[in-house]
Amino acid sequence: MIELSDVLFRYRDGEFELRILGLELVRGEQVGLIGPSGSGKTTLLHLVAGIERPERGRIAVDGTVISELPDANRRAFRVRNLGLVFQEFALLEHLSVLDNVLLPYRITPVLRLDRAARGRAGSLIERVGLAEATNRLVTHLSQGERQRVAVCRALVTEPALLLADEPTGNLDPVNKFRVIDILRDYAREHDAALLTVTHDHDLLGRFPRVIDIKSIHSEPTRGVPSS
Amino acid sequence: MSLATDSLYLAWRYLRHQRMKTVILVAAIATTSFLPVGLNVLVAKSGEELMARAEATPLLIGARGSALELVLSALYFESDPPPPAHYGEIDRILESGLAEPIPLHVRFRVRDQPIVGTTLEYLDFRGLRVEAGRRMARLGECVVGAEAARILGLAPGDTVVSSPESAFDLGGVYPLELTVVGVLAPAFGPDDNAVFVDIKTAWVIEGIGHGHQDLAKVEAEAAVLAREGDRIIANASVVEFNRITDANRESFHFHGDRSEHPVSAIIAVPHDAKSRVLLMGRYTDPDEPNQIVRPAQSMAELLETVFTVRSYLVAAIGVVAIATLATASLVFMLSFRLRKRETETMVKIGGARASIVAILALEVVVVIAMGLLLAGLLTLLTERFGSGMIRVLLTS
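Taken in order, these protein sequences are the chains called L and A. Here the working numbering is used: the first residue of the first sequence is 48, the next is one more, and so on. Here the working numbering is used: the first residue of the second sequence is 32, the next is one more, and so on.
If you're looking for bench data, these hints aren't it; they were derived computationally from the structure. Treat each hint with caution, since some may be false.
[Stated by the list, open to error] Under 10 Å between C-beta atoms, here's a sample of chain L residues computed to sit facing chain A:
(1) Leu116
(2) Val126
(3) His141
(4) Leu142
(5) Asp146
(6) Glu205
(7) Ala207
(8) Ser262
[What the hints assert, rightly or not] A short, non-exhaustive set of chain L residues, derived as facing chain A with CB atoms under 10 Å:
(9) His93
(10) Gly97
(11) Asp118
(12) Leu160
(13) Ala163
(14) Gly166
(15) Ile260
(16) Ile263
[Claimed, not checked] Derived DEER-like restraints, expressed as beta-carbon distance ranges:
(17) L/Thr181 with A/Ala347: 48 to 54 Å
(18) L/Ala163 with A/Ala347: 56 to 62 Å
(19) A/Val54 with L/Ala163: 35 to 41 Å
(20) L/Arg165 with A/Glu79: 54 to 60 Å
(21) A/Val54 with L/Arg100: 51 to 57 Å
(22) A/Ala347 with L/Ala178: 36 to 42 Å
(23) L/Thr181 with A/Val54: 34 to 40 Å
(24) L/Pro156 with A/Ala347: 44 to 50 Å
(25) L/Asp219 with A/Leu369: 53 to 59 Å
(26) L/Ser265 with A/Leu369: 37 to 43 Å
(27) L/His246 with A/Arg368: 27 to 33 Å
(28) A/Arg368 with L/Arg235: 38 to 44 Å
(29) L/Arg165 with A/Ala347: 52 to 58 Å
(30) L/His248 with A/Leu369: 34 to 40 Å
By construction, the Cβ of each residue, glycine as well, lies at the ideal position given by its N, Cα and C atoms.
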């Protein structure tokens, strides 16, 4: 599902560089990624998602070498095949719950907002317990509810790979397990791979495989990465 | 939904969410777009209308004074009354055989509607057609313009009372009840707002003519102070009529020489070009108490001043418009900067560059389109009602 080999990434200002010897995830695998702050976990997720492009090396997702794709193609690949969840939810505050969930369909020509997509959005919103808030603005929701909306947005396109960057960082204990379980259940049901960055050791027990980023570095990182 | 529709939807959701900001931007764009265009439309349209009526009025004769005031009063019945001329001027014009004179007496009002004392020739001259009822034929009768009839709620058979000039002036003119005998068809001009009476009726309102109790009769005996042959002297207890009826119409009479009675203006319709020149020549003498005015010329002079003012205003508005548009651009740029995280989110989840640009661009386009739409609507309203407004402005 994910294959990284001999990847070198440097931010433009040269303050930070990340070298990954190799990383492999198979379809349906659920992995927790840990590491100290500034070790490049988020950067690694961005590389896998094609948000950043490595200077050197090969990154393939589900057979597509995204590290070699131009920006437009990486975006198209991302929106079609990947679901991303961020620590800060990254919702559009002027949109309702439903509109936030359907956002991927409205910002790309590669997906079609049809009845099926709307049905999936409705089912996901219901599944995470927000049916009554479907048409409410996300600013009216609690932190836990917002993250559930963000999870729905990541799942609505039925991605083969889920990338979650500290998805429970801003949540209380009840909500953090709820969110992680939603992601894990989806991955299991759809045979999707799940790579979750987390600092929370309580959650690590839920992942069959945990990778410490230090173990896949070819050498220590320098500086502090931008988030 | 197509990509454009989706982008428009997202842009619209943002603008709706930011209602206050959107309204302010739309209002700013509408105002800066409307002001120069609206001003041009306003001046052009009202200039056209003012000139049309002025050109349809060949010559005006009135007492010496402001030519413009004479024109505005005689053509639009809206300015302060100019100094009065005398009815004797009518006879003078008739005797000259150079033109057809039509007297105008514009001083009194029924609420806000002007009472125009004139002759039936005025209705023919302006092509005013009676839509309901008949023309005024007797003292105390009136014919109302279409708009005046609507505003005052009048129909033939109704009565209407002239308004006193001042509620506290006991020595001033007293209200006279007028009987509506006709309503004119809409003429789409100042005549629509007027209440037309015979000029003698206007003189009755002014107090030059009046009707009262017959002092020869026994019931008026108590008011009689002295009898000297045909002359009877009475005190103030004599009953004066403020309503002209069939029963008392005969009692109405005028004091003094008719040639001394006032008129605000006289429309003179020369028989031909030569008569026109000759008639104008009669008023060139500096000792002549009256003036003759070509309304089209006076109006052209007025409009020239208006055009000059307009060009200054447009220049000033242009500067304000540049400042407003610069501010609006700044607001948009700051807004995009503040929403950088939103656009980053869209990029991260795979939004196409074209879509993201389209959403932001459509936010600007929709605001500009709404502003221009509002400006267009205001321009249409200006075209429809603006000339009336500018006329009121010029004559007030």
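Going through the hints against the structure:
A cut of 10 Å between beta carbons decides the hint on L/Leu116: the least distance to chain A is about 12 Å, and the hint is violated. With a least beta-carbon distance of about 3 Å to chain A, the hint placing L/Val126 at the interface is held under the 10 Å criterion. Proximity of L/His141 to chain A holds as hinted, the smallest CB-CB distance being about 3 Å (cut-off 10 Å). At about 6 Å, the closest approach between the beta carbon of L/Leu142 and any beta carbon in chain A falls short of 10 Å, and the interface hint on this residue holds.
A distance limit of 10 Å between C-beta atoms decides the matter here; for L/Asp146 the minimum to chain A is near 7 Å, and the interface restraint holds. The interface hint given for L/Glu205 is violated, since its Cβ lies 14 Å from the closest Cβ of chain A, which is over the 10 Å cut-off. Because the closest C-beta pair between L/Ala207 and chain A is about 14 Å apart, greater than 10 Å, the hint is violated. With a least beta-carbon distance of about 26 Å to chain A, the hint placing L/Ser262 at the interface is violated under the 10 Å criterion.
Here the hint on L/His93 is kept, as its CB sits about 8 Å from the closest CB of chain A, short of 10 Å. Below 10 Å, beta-carbon pairs count as interface contacts, and L/Gly97 has one with chain A at about 8 Å; its hint therefore holds. Satisfaction of the interface hint for L/Asp118 is found here, the shortest Cβ-Cβ separation to chain A being roughly 8 Å, below the 10 Å cut-off. For L/Leu160, the shortest C-beta to C-beta distance to chain A is roughly 6 Å, which falls under 10 Å, so the interface hint holds.
Contact between L/Ala163 and chain A, as hinted, is not supported at the beta carbon level, the nearest pair being about 14 Å apart and thus beyond 10 Å. With its C-beta approaching chain A no nearer than about 16 Å, L/Gly166 sits outside the 10 Å limit, and its interface hint is violated. Among the interface hints, the one on L/Ile260 is violated; its C-beta lies about 20 Å from the nearest C-beta in chain A, farther than the 10 Å criterion. Look at L/Ile263: its Cβ only gets to about 23 Å from chain A, farther than 10 Å, so that hint breaks.
About 52 Å separates the C-beta atoms of L/Thr181 and A/Ala347, a value consistent with the hinted range of 48 to 54 Å. Hint check: L/Ala163 to A/Ala347, Cβ distance near 59 Å, so the stated range 56 to 62 Å holds. Taking 35 to 41 Å as the suggested C-beta distance range, the pair A/Val54 and L/Ala163 conforms, at roughly 38 Å. Checked against the hint of 54 to 60 Å, the pair L/Arg165 and A/Glu79 passes, with Cβ atoms roughly 56 Å apart.
For the hinted restraint 51 to 57 Å between A/Val54 and L/Arg100, the CB-CB distance of approximately 43 Å leaves it violated. Checking the proposed 36 to 42 Å range against A/Ala347 and L/Ala178 shows it is violated: the Cβ atoms sit about 58 Å from each other. L/Thr181 and A/Val54 have their C-beta atoms about 28 Å apart, which leaves the hinted 34 to 40 Å range violated. At about 47 Å, the CB distance of L/Pro156 to A/Ala347 agrees with the hint of 44 to 50 Å.
Our hint of 53 to 59 Å for L/Asp219 and A/Leu369 is violated, since their Cβ atoms are close to 29 Å apart. Hint check: L/Ser265 to A/Leu369, Cβ distance near 40 Å, so the stated range 37 to 43 Å holds. Separated by about 31 Å at the C-beta atoms, L/His246 and A/Arg368 satisfy the suggested range of 27 to 33 Å. Distance hint check: the CB atoms of A/Arg368 and L/Arg235 are about 42 Å apart, consistent with the given range 38 to 44 Å.
Checked against the hint of 52 to 58 Å, the pair L/Arg165 and A/Ala347 passes, with Cβ atoms roughly 53 Å apart. Range check, L/His248 to A/Leu369: Cβ separation about 37 Å, and the 34 to 40 Å hint holds.
Hints 1, 6, 7, 8, 13, 14, 15, 16, 21, 22, 23, 25 from the list above are not met by this structure, while the remaining hints are.
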